[in-house]
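Visitor: Keeping the supplied structure of chain A fixed, place chains B, C and D with the ligands upon it in accordance with the hints.
Chains as they are written, first to last, in this note's numbering: chain A, 1 to 323; chain B, 1001 to 1323; chain C, 2001 to 2399; chain D, 3001 to 3399.
To be clear, the hints were calculated from the coordinates, so they are not data collected in a lab. Think of the CB as a built atom: it goes at the ideal place given N, C-alpha and C, for glycine as much as any other residue. Errors might be hidden in some of the hints.
[Unchecked claim] What follows is a set of in silico ranges between Cβ atoms, one per label pair, in the way DEER data are often shown: (1) 319(A) <-> 2385(C): 32 to 40 Å; (2) 217(A) <-> 1107(B): 34 to 42 Å; (3) 1108(B) <-> 3381(D): 32 to 40 Å; (4) 1074(B) <-> 2031(C): 40 to 48 Å; (5) 1186(B) <-> 3363(D): 35 to 43 Å.
[Unchecked claim] No farther apart than 27 Å at their CA atoms in a straight line, the calculated lysine-lysine pairs in the DSS-like style are these: (6) 3304(D) <-> 33(A); (7) 1020(B) <-> 1046(B); (8) 1180(B) <-> 2304(C); (9) 33(A) <-> 3153(D).
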Amino acid sequence: MSSTTLAKGITSGLRAAMEKDARVVLLGEDIGKLGGVFRVTEGLQKDFGEDRVIDTPLAEAGIVGTAIGMALRGYRPVVEIQFDGFVYPAFDHIVSQVAKLHSRSLGTVRMPMVIRIPFGGGIGAVEHHSESNETYFAHTAGLRVVACSNPHDAHWMIRQAVESDDPVIFYEPKRRYWDKGEVGEAPDGDLGSARVVREGDDVTLLAYGPMVKTCLQAATAAEEDGRSLEVVDLRSLSPLDTGAVLASARKTGRVVVVHEASTFLGIGAELSAMLTEEAFYELEAPVLRVGGYNVPYPPSRLEEEFLPDLDRVLDAVDRSLAY
Amino acid sequence: MSSTTLAKGITSGLRAAMEKDARVVLLGEDIGKLGGVFRVTEGLQKDFGEDRVIDTPLAEAGIVGTAIGMALRGYRPVVEIQFDGFVYPAFDHIVSQVAKLHSRSLGTVRMPMVIRIPFGGGIGAVEHHSESNETYFAHTAGLRVVACSNPHDAHWMIRQAVESDDPVIFYEPKRRYWDKGEVGEAPDGDLGSARVVREGDDVTLLAYGPMVKTCLQAATAAEEDGRSLEVVDLRSLSPLDTGAVLASARKTGRVVVVHEASTFLGIGAELSAMLTEEAFYELEAPVLRVGGYNVPYPPSRLEEEFLPDLDRVLDAVDRSLAY
Amino acid sequence: MSDNEVAPLETAYGVDHHVTRADAPDRPAQEGGPDMVQLLSPEGERVPHPELDGIVDALSDEALRGLYRDLALVRRFDAEATALQRQGELGLWASLLGQEAAQVGSGRALRRQDYAFPTYREHGVAWCRGVDPVNLLGMFRGVNHGGWDPNEKNFHLYTIIIGAQTLHATGYAMGVQRDGDVGTGDEGRDTAVIAYFGDGATSQGDVSEALVFAGVNNSPVVFFCQNNQWAISEPNEKQTRAPLWHRARGFGFPGIRVDGNDVLAVYAVTKQALDAARTGQGPTFVEAFTYRMGAHTTSDDPTKYRVSAEVEVWKHRDPIERYKRWLTTTGKADADFFDAVDAEADELGGSVRERCLAMPDPEGPEMFRHVYAEEHPVTAREREWFEGYHASFEEEVAR
Amino acid sequence: MSDNEVAPLETAYGVDHHVTRADAPDRPAQEGGPDMVQLLSPEGERVPHPELDGIVDALSDEALRGLYRDLALVRRFDAEATALQRQGELGLWASLLGQEAAQVGSGRALRRQDYAFPTYREHGVAWCRGVDPVNLLGMFRGVNHGGWDPNEKNFHLYTIIIGAQTLHATGYAMGVQRDGDVGTGDEGRDTAVIAYFGDGATSQGDVSEALVFAGVNNSPVVFFCQNNQWAISEPNEKQTRAPLWHRARGFGFPGIRVDGNDVLAVYAVTKQALDAARTGQGPTFVEAFTYRMGAHTTSDDPTKYRVSAEVEVWKHRDPIERYKRWLTTTGKADADFFDAVDAEADELGGSVRERCLAMPDPEGPEMFRHVYAEEHPVTAREREWFEGYHASFEEEVAR
Ligand SMILES: Cc1ncc(C[n+]2csc(CCOP(=O)(O)OP(=O)(O)O)c2C)c(N)n1
Ligand SMILES: Cc1ncc(C[n+]2csc(CCOP(=O)(O)OP(=O)(O)O)c2C)c(N)n1
Ligand SMILES: [Mg+2]
Ligand SMILES: [Mg+2]
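Looking at chain A on its own, in the form it has when it is part of the complex (with noise of 0.2 Å):
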């Protein structure tokens, strides 16, 4: 047990999996004496040689590219992006080889890759640096999408991601990178599994990586109105944790998904849509979503107007309740 930061919980994870496993090199630009941008895996490469722990070329179709190459050999290689925005030039690799290539194969390769991408806005960054995009993801059958959206989870899901066989596209909340918590001694489930991370009666909220925090504030909020929400941290984005997700909507009836990824085909519609389907009879209200607007990723000064706050998502459980 001891207390640490979202950042360091993930550092900590890494170094644990480099420990277990010789097998798993961490690719990226700016990785080694940096320790990346957001340092990250400071200490690593001092730790584990410039074989383990690779600068790259910058050149992020060539990260992944290899990165997969790597992977043929037996290799687990942890592959950072540096911001979200800059995953693109890599996205052929990902939809088109890491997330085929167990299935095309007929099971004979493994793609054991953590491509770990700190996303979303907040910290007040230029162009490109806020994105929130794991719809493309999500949508991508072969791959695993997870977020994390604090230290203990942080820690442990990225050794849960390392250790998994298969690929894992790892959600860092970059402007939860400080928060501090405690690190447990053990993961809280596994790596496909959602978490209450607050009980309550009247309406759910889903949210996952950043959100996760403004949800808990608004429930915190909305106590003093004498409103009770729960709140569920999806932690994995693909596959869903119906389940749970389930499970909460129908004890609420209520549901409204947050994110600060556009609504239009955000994970909220696919939460919707499964929603209805599975509990149809049991919804009171419409699944309501609050999220990003449909609309590029603003500068910097408009970004508060544009993510989601604990007065919209309170704004999204009146109009709820109103039904």
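Guide: Then chains B, C and D with the ligands, alone, in the frame of chain A:
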């Protein structure tokens, strides 16, 4: 009025657009002498010259990237992506540049670009040649995404797409390329509009591209069982014509969405979420989704089992009516 | 096939190139130019080459006959596959006609521990790697996306996305380096990787990035470009302004052009490059100058874009004829040998045909297998649904 | 600034390069090497260069002093921006410290009709293109993604996605060709395009693809690479095994290395390359060998990865000091001139600061504008919702 194939409907549409505006240029692999692997650009290089019908190097990022530059110079580039699965190397340019340049430049720059993508399965092709990747683009603000389903629309929609000052991802249902039909004198509404292609009362089928025909067949078959299905050709996926979709949904109270793309975060998810939000009390059944399974597109000998067909559509209709 | 010593590379690769603004593309002559390494003329005469002769001279007559057998069998297999496609047994076929020497020459230069990354046309390399040819048909027949275990054959699956495999090869080579399997001096251990790609592929960013990564890491990988002059309908000059073998220099390692229709030259040049790689001298770019004698694939119609006179010129440079002539005139092989190979080829053709027709179609639920290595609830639920749904039809039919 | 005749290119670019396996990366010496074009030594002495002297000699003293003014003002502006960031007025700043000569030299070689495609660090080029420096701050302050009309300045928006703009530049140049604005002999019409990018960018596939497209199309584009030795924390040898200027040859056009801290050499070399482009001689790759004196951006901490001794070495090669020395010793400028420039710089700094602080924050609904050029119902509905939602708060507050 003339009867022609869907492919030739596009050819004549492109020809008309090029005759009307000398700034319209075509770029792609093998689109010159060969006329494209589907012969959609057949004869155009001969008539408009190599400067306007450009056989590019084999590099999709290069094609879209240089098309952006040509658009900045005032041209209206129409890019052909040879097959759906080959668009990913250009993904970065499409989502980070094409989609954003107008807004990034505060409106001073326009991106009147069309990216033509033959899409979907059903032609017995090898891997990467049968993808339905519309979710990726429809989720991307700044792009318009449309799909034609018949020769008339093919002709007029490509002309509208070329005339649009916004970037348009133009999906062509490759297995319907050889379907014949009349091309009328004028377009059916503007580029963003859906169209009711068969009226009915019991259940609404929402489809686009190749699945429109499948749904029409299903509606004919259902008629024999005394079921009246309404079929709406969405035509535009971004924006969705919510007015038309809602009108039909309200009329029948039951909706089935059909597409080849995997259902998880497919367009059906958005339609389900939107319809449930907008017409919660009017739906008699949850919006049901019939789509590709959530697996990589299988070897072609399995594609009939992978793709939605008449039976699967009718099965969903039955399930919808059972509510 | 016997192994040889590493010849000094500098001499072979010391050719200089100087691009001026006046530099003209290769076509329409499509001559390899004075820098092209050739050991056998189109007439089947041995062209001396001080640096490479040793590699070829070290081959036993049996090995030399073996190369011929490879060429002939691969061509026969390819013809059978084309026929199978015409008869509707395959959805598509990408013929290697004309490129047999480029593939067999390089494929036979590989050691067992080496690893090859093919495109979709490397049937000759697959043959050299011991892949049962019938397994190459699965993808084209639509019964699978690749019918062999890459790790068993050290031969990756066919890659359709142009150029992607060059990065996979480079990464694999980076893994080889980390395993310490370079420059140990142990013949059975030191490992090289070879990436195959076409002339068109050189335009893809992926290929250039592979050159960057391989150069920077000094990785044991050979970039083997079969310049068959065409990328579907686009001739070479639509892809590059400079000869392709010039490309590598700017990334910090040597490039060389070899006559891709000369099996001996391809063998020698590739072997030298592979040995350079495995001994720690880093990557080499080999441009095998050859020609796609047939259509791009069976779906293609080359009469739309190229003249038959060009094909005629290249017929004269046929890789098998020239090698046969040399084997005959040097007395290394006689009519009996050629007859035996012909017979074996017919047998192979028949067997491939028979086994192709016998290939079972996959079962529907197969598509849900192997999507993930570990249980995935969405896939599991869908498979269940799928099975139930199809079972309901069978019940209906049964009733 | 006066214009000059096109000097013959072959001589300037006739330098040959020969990469051997032993080829060592440039660091840690970071010497430009014998092939680097230099017209002014770090000591401020004029190095004769038969082919390029004519270009520089044709510049009037006024023009030469103008170059100094540009360098000094740009540096001052940059320092002000860094200060504004430290004070929280900008979210980030990417300083060009040390790269003034590379940017001003190349920027002043452009004609009005030419078009430039920058990265995020081309403040000096922006200056030469007539962009009001305060507009460069908008993106870093977070009030917009780019605050000028690219078509008015013939200066594209800053591009953050590394390398992407090289393809945009190439496409733009393909448009120029189609407009017939190459090789007409009309000085006001013939147009060249310049693409700026860094050493790190050369690894991106996009950049290589741009070289392919430009080569194949013989497009009027100059690839201007500022090799400032670092890509954030990664030194040049992590990106390339060969000197960067070697890269172009394999794509079929010339490359040249110029001392990027020598404003005269950069001007001359770029002008020659631009004129070659506009007269139809196709692309050139220019590597400006320079140094990033500061951090990558204000978010960066270079002490983590580079030694101060290196920075010291480069201080000695400062682009402004050397040019000032030369202007002084040759009597082209006197103390009064330098004082006047200093005063102007201070004024610029003050004005930039003032106007930066006065920049209005964008209004919320702005984000819905310009997403599409034509009405889009989703955006329209959302904007309405947004306005209603925020209005309701104001009502609440009002109550
Ligand atoms: C990324 C991508 N774009 C386009 C294609 C379509 N395509 C298949 S083969 C081919 C031409 C390849 O030419 P080349 O690299 O010379 O190889 P060859 O077929 O001549 O062996 C093209 C454009 C593809 N498979 N992948
Ligand atoms: C596609 C992409 N990947 C990563 C980044 C993050 N990034 C910003 S600047 C930079 C280094 C660029 O180095 P270089 O090209 O040498 O230009 P310099 O900053 O030195 O001017 C990196 C990796 C990015 N902006 N875009
Ligand atoms: Mg080829
Ligand atoms: Mg740099």
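Visitor: Hints first: check each against the structure and report whether it holds.
Guide: Verification of the hints:
1. 319(A) <-> 2385(C): 32 to 40 Å: holds (34 Å)
2. 217(A) <-> 1107(B): 34 to 42 Å: holds (36 Å)
3. 1108(B) <-> 3381(D): 32 to 40 Å: violated (25 Å)
4. 1074(B) <-> 2031(C): 40 to 48 Å: holds (41 Å)
5. 1186(B) <-> 3363(D): 35 to 43 Å: holds (40 Å)
6. 3304(D) <-> 33(A): Judged against 27 Å, a Cα distance of about 6 Å means the pair holds.
7. 1020(B) <-> 1046(B): holds (17 Å)
8. 1180(B) <-> 2304(C): At roughly 24 Å apart (the allowed maximum being 27 Å), residue 2304(C) and residue 1180(B) satisfy the hint.
9. 33(A) <-> 3153(D): violated (40 Å)
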